[in-house]
Amino acid sequence: MRDVAVVGVGMHPWGKFADKSVTELCRDAVVAALADAGIGWRDVEAVAAASSRFSGGKGWGLNGNDVVEDLGSTGVPVYNMSAGCAAGANAFNVGYSLVAGGMHDVVMVVGGEKMPKGFIQTSGVEDVNDPEYLRQRCVGMPGPSFWALLARHRMAELGTTEETYAQVAVKAHRIGKHNEYARFRQEFTLEQVLESAMVSDPLRLYEICPVSDGAAAAVICSAEAARRLTSDPVWVAGSAVATARFDDGLPRGLAGIVPDGPAHHSEAAAAVAKALDQAGVEPTDLDLTELQDNTVYYELAFPEEWGLCKPGEADQLLHAGETMPTGRMPINPSGGFICFGEATTAQGVFQICELTWQLRGQAGERQVPGARVGLAQSLGLGGNGAAVVLKK
Amino acid sequence: MSGPRVPAVEGLFTDDDGVARLLGSRCATCGTPYFPASSLCHHPDCDDSATEDASFGPSGTVWSYSVQNYPPPAPAIYDEPYEPYALAVVDLDDGLRVVGRMEPGGSAPEVGGRVEVVVGPIRTDDDGTERTSWMFRTV
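Residue numbers (the working numbering), protein chains in the order written: chain X, 1 to 392; chain D, 393 to 531.
Derived from the structure by calculation, the hints contain no laboratory data. Note that the coordinates shown come from a computational prediction; the quantities given were computed from them, not determined experimentally. One or more of the hints may lead you astray.
[Claimed, not checked] These stretches of chain D come out as covered by chain X in the derived footprint (C-beta under 8 Å, 3 or more residues):
1) 414 to 426
2) 430 to 443
3) 455 to 468
4) 485 to 495
5) 503 to 517
[Stated by the list, open to error] If you anchor each label on the Cβ, the simulated ranges turn out as follows:
6) Thr-521(D) - Val-128(X): 16 to 24 Å
7) Pro-369(X) - Gly-423(D): 49 to 57 Å
8) Thr-189(X) - Glu-444(D): 55 to 63 Å
9) Pro-396(D) - Asp-130(X): 21 to 29 Å
10) Gly-423(D) - Arg-228(X): 45 to 53 Å
11) Glu-444(D) - Lys-117(X): 42 to 50 Å
12) His-434(D) - Ala-197(X): 32 to 40 Å
13) Glu-475(D) - Met-1(X): 51 to 59 Å
All C-beta atoms in this analysis are idealised placements derived from N, C-alpha and C, irrespective of residue type, glycine included.
Required output: the full structure, derived from the provided sequences and hints.
Quick look at the structure:
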């Protein structure tokens, strides 16, 4: 396997952009990443793109083909990756594998999304063989209620309070307001979060990420190409994908088996463990982590599930300020999904951009001092998990 | 006067003999429970694949609960005007972790509390037809 570097990143801001197509959002991100890398479009040898279910892609998730047609059809191979909300991270893993395996020297990874309003709908197919249809028709429990069930269980098991969940959102906005790409850039008080509408008890409106539009891109290349392009590359120390285990105990469908141990996102834990192992990095050695905080619950649960801290310890680390960029376990210095909203398939690439800026020391007010190694993690429908470790 | 009772989806549950049960299957080799029924065993450690019909419930313990404070999108069904309902994840004594609504009007669930499966309406149509599903009742 060859060493792989990230040499250029770019983003379109997150928000709602009614008068722009997803391909236009991607164009901004790709052009910014090319400029950051100091290369031109014709230098790109392959494209690994996230497939969107919601926008562009000719209805087939061919979003990478849209990007290539828009930037100029050079005839490069295009890999369109579908993995639910982990698609951006899966595309990164494919791009990484192509470079590491020697197939290509310079690959563009891109994810873009324009989301419809409101709760993410099910497939729309009324099929009694589809467990998701049965779950919605017979019970009625959209995405936020899944997160709420996990959050309530944690409260009973570890004593997390509603105020602590609210404090995660306060902390996210305290950092995210400094991020020019974030959709929500204002601070909230604890009272404001606690007074926001209860969506799915115990989770409130400001504690759940809404859907957004956005796009992100990254240029990755071989070590040889990186040395030509920059004196300050960021290295891909680990890149892994995984799927959920049968017996992890999360209430994903209608029913499963009662697990022997605690329920957890096995796809996320496996991808993170593989990426850390590949990088030769202990969880406690990480300088920063960008994790998928669809809800504030995850910012407490995930660091514990992956060994960044002990079970039940995340609450006190939060209250002590240790998850801020200047703390000893910085989580989501970008502001995370809470400040960005979720442009589903773009999220995994947005995390690469943030880690890259952090490791270069270009993150301004949200900079983690002296950051040398960072973790990015995302997961998606179907039990797809992905993780990346980047190093100076 | 209430009208006829029709399951929201046929074949998933019964309370014909007065006790509510979920209708699924169980692996004949490793015992893994399935709801809804699966004709094959999907446990990665099980080399065999034959399952047999099995029913589950009614007794279990609450793993977690929530309240659906906003109307869920289609294909969910509910009475209008919308009234929030409680949801629960329940570990049935026979080894199945299952999701469902709490029975409307019942006492609030607690994590670790005991419940039983019942069958009740999740929506009543204009003509009085009750669309039913499995739900949980605090005991």
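Violations among the numbered hints: 10
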